[in-house]
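As you go down the protein sequences, you meet chains U and F in turn. Residue numbering for the first sequence is 145 to 398, as defined by my numbering. Residue numbering for the second sequence is 11 to 457, as defined by my numbering.
To be clear, the hints were calculated from the coordinates, so they are not data collected in a lab. Take these hints with a grain of salt, some might be off.
[Said to hold, decoys possible] Which stretches of chain U does chain F cover? Using the computed rule of at least three CB atoms under 8 angstroms from a CB of chain F, they are: (1) 217-223; (2) 250-256; (3) 279-285; (4) 306-319; (5) 325-337.
[Stated by the list, open to error] DSS-like mimics (lysine-lysine), calculated; alpha carbons at most 30 angstroms apart, straight line: (6) K268/U <-> K377/F; (7) K246/U <-> K372/U; (8) K372/U <-> K377/F.
Backbone N, C-alpha and C fix where the C-beta goes; we use that ideal spot for every residue, glycine too.
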Amino acid sequence: MTPKEPGEFDEVTPGTEDDVTDLMPENVLPVEPGALEPEVVDVRRGMFGVHGSGDTSGYGGIVRPVVMPSGTPKPYGGWFDEVAAAFESALTTAGITSAIEKVVVHRGEITFFIRRGDLLQVAKTLRDDPALRFEFCSGVSGVHYPGDKDRELHAVYHLLSMTHNRRIRLEVTCPDSDPHIPSVVSVYPTNDWHERETYDFFGIIFDGHPALTRIEMPDDWPGHPQRKDYPLGGIPVEYKGATIPPPDTRRSYT
Amino acid sequence: MTQTQSDPYAQSSETTSGKVFTVTGQDWDTVASAVADEGEERIVVNMGPQHPSTHGVLRLILELDGETVTEARCGIGYLHTGIEKNMEFRSWTQGVTFCTRMDYLSPFYNEATYVLGVERLLDIEDDIPEKAQVMRVLLMELNRISSHLVAIATGGMEIGALTVMTVGFRERELVLDLFELITGLRMNHAFIRPGGVSQDLPPGALDEIRDFIALMKKRLPEYAALCNENPIFKARLQGVGHLDLAGCMALGITGPVLRSTGYPWDLRKSQPYSGYEDYDFDVPTWDTADSYGRFRIRLEEMHQSLKIVEQCADRLAGLEGAPVMVADKKIAWPSQLAIGADGMGNSLDHIRHIMGESMEALIHHFKLVTEGFRVPPGQAYVPVESPRGELGAHVVSDGGTRPFRAHFRDPSFTNLQATSVMSEGGMVADVIVAVASLDPVMGGVDR
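When you get a sec, could you build the whole thing from the sequences and use the hints?
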C-alpha cells in the first residue's frame, strides 16, 4: 500500500460524523456523559419542615440540593460486570440497544434505569436469557419525587436470579403528566397485585395489565395516597390543655 | 328465620343478574330452598371479610357450581392502615415502631428487614456488634416458632382439629412470654433498631430460654405424633392446594409453599444476613407440593429454629456485657432503659452521664431524640426469610431524617395471589385448607 498524498485525503470537519477518529474504539465514550451526572431530585430549604414560623435562628436560609447517587462508570466490580455484559449482549441480540439509560452501583446493589418503552422486552430478556435468568420478581414499588422534573414517578422492580443467586434492581420513570408504564404481568404474573397496588397508591397506569383496579383503597377512593402531594391527614389531639397538631403539620427537621 | 330481603352492602338493584341472599346463620333451609327455586346450580358466595376461617379480614369471592369452585377471587384491603405513608412522617428509628405492626405474627422480621435496609444506606452493616446480631437471630428464630405454631394451630382449627389449636396456642404463649421478658412486649416490640437492638438481655433471660428449649424438645414431637399419620388430617390435607415449582416461580411464591415443591430455597442459606452463615441448620423440603407437605415443612422448621435458638443461647452466654448498639454515637440510641421507683425510664446512670459528666453526650442525646439521624440518599432492599417467605423492605432516603419511602414486599400479599390457582376446580371445603396452607396474615397483606 502506497502512502496517500496530502491532497488525496477526504475532507474532514472536526466534530461531525465524518470524523473517523471519534469512532475509533479508544475514543468511544463508555457511557453518555449525562448518565454520570448526579441526579438532583429536589432542593431542601431551611432546617425545619414548617415555613413562616418566625424562625430567627438563621437555619431557615439553608438551601441544599437533594442528590441521589449518580451513575457509575464501568467497571462496576464483582459479578455486576458479568451481568451487565450479558445484559448488554442480550439486548443487542434482541435489537434494543438503547434500553439502559444509566447504571447506578450504590451500597453493593446495582440499579439499571430502563427506558420505559423498552421495559417489557427488557423484562423478557432478563427472565429468559440463560446467562441472566432473573426468573423471580419481588414486585414493583413506586416512589414519587415531585421535584424530579418530568421524571416524577419512579417504578422500582427487584429481580432475583435463583439460578445464579443474584439480585438486581430496575428503575423506570414517567412524568406526572403522562403516568404510563408498560405492565410486565405477561412476563412476571406475580406483578398482578403489585402493579394494582402501585396504581392504587401512585396513580401509575400500567398499560397492558389485565385488570388494573384499586386493591387496598376502596374502589371509589379519590386520589392516590402515597403521592407526596397527598396529605397524611389526621386531627389535632388535645392533651392536658395543650393541642398536639397532626404529624404532617408538626414542626419537624428536614 | 325468614330470609332477609335486603342486603345493606349489595342492594338487589346493584347486581346485574341473580338474586341476593344474606346468610345470617341457622337459615340454611330457607336459603337452599330459595336457591333451588331459582333453578340454577351456579352460586356466587361472598365469604368474609368477617369469617372465622379466612385468617382475619380476607374476603373470598367464590363462584360455585354445586360444591365445586369454578372461580375464586380475593378481596383485600380491609386492614389497610397506611403504615408505609405514616413512616414517611416519623424519624428513621420511629419507623420500626410502625413496621413491626404490619405482619403481627412475625414482628421481628418486619423490623429486621427495614433495619437492615437502613443500615445498608448508613453503610454500617459491618459495624453492628456481634451480640446485637446474635440477639436478632435469636428473636427471629423464636418468632418463626411462634408464627408456625399459629399457622398450624389455626389451620388445624379450620378443619375441625381443635386440639391442634389449643396446644398450638399453649406453646405460642411460652414464646410470647420470652418476648415479653426480653423486649417488654408480647408483640409490637420495636426492639430491633438501626444500629443494633434497643436493650441488652435482662438478667435470667438465658435460663428462661434454656428451659423453653428443653420443654419444646419434648412438646414438638407431640405435634408429629398427633398429626403426621392422622388419617383425617391426611385426608383433608393431602393433594389439596397443589402448586408446582413453575407455578411458584410465575406467581413469586416463596417460603414453605416453595419448599413444598422440593426446591430448598431459603434466604438464610442462599443470601445470609445477620450472621446466619455461622449457624448449623437444615432447610427442610417436601416433594408433594400440597398442604400436607407445607404442614410437615413448618413442623420441621420449628425443630431447626430450636436448633438455632440453642446455638444463639450458647453464644450469648459468652457475650455477657458486650455492646448491643453500634459504637457510632451519632447513630446509636443513647440510653438504656431501667426500672426505677416510678416505673420504667432512662437509666439513672445515663441521666447522670448526660446531666453531670458529658456535654457531648447531652448534645447527642438531645439531637438523636428530637431530630434523629440523617441517612445518606439512596435506596436499599435487604430481604429476609420470614416464616412466610421473602419479606423485603425497599427503603429510599433523600438524605433526610425520615424515610422518603419505605415499601414492604410482604410474602403474604404475594402468596395470596395463588388462592385462585390452588382452589379453582376443587371443592369449596378445600379452599379453606388451601388458604390456610399459604398462611396469609392480613396485617402484612394490607399494611
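Here is how each hint holds up against the structure:
1. Residue count for the stretch 217-223 of chain U with a Cβ under 8 angstroms from a Cβ of chain F: 0. That is fewer than the three needed, and the coverage hint is violated.
2. Proximity of the stretch 250-256 of chain U to chain F, defined as three or more residues with a beta carbon under 8 angstroms from a beta carbon of that chain, is established by the 5 residues found.
3. Counting residues of the stretch 279-285 of chain U whose beta carbon lies closer than 8 angstroms to any beta carbon of chain F gives 6, which meets the minimum of three for the stated coverage.
4. Evaluation of the coverage hint for the stretch 306-319 of chain U: fulfilled, as 4 residues show C-beta separations to chain F shorter than 8 angstroms, against a requirement of three.
5. Only residues whose beta carbon comes within less than 8 angstroms of a beta carbon in chain F count, and the stretch 325-337 of chain U has 6; three or more means the coverage holds.
6. About 49 angstroms separates the Cα atoms of K268/U and K377/F, which puts this hinted pair outside 30 angstroms; it is violated.
7. The hinted pair formed by K246/U and K372/U meets the criterion: a straight-line CA distance of about 25 angstroms does not exceed 30 angstroms.
8. With a C-alpha separation of about 26 angstroms, the suggested pair K372/U and K377/F falls inside the 30 angstroms cut-off, and the hint holds.
Hint violations for this structure: numbers 1 and 6, all remaining hints satisfied.
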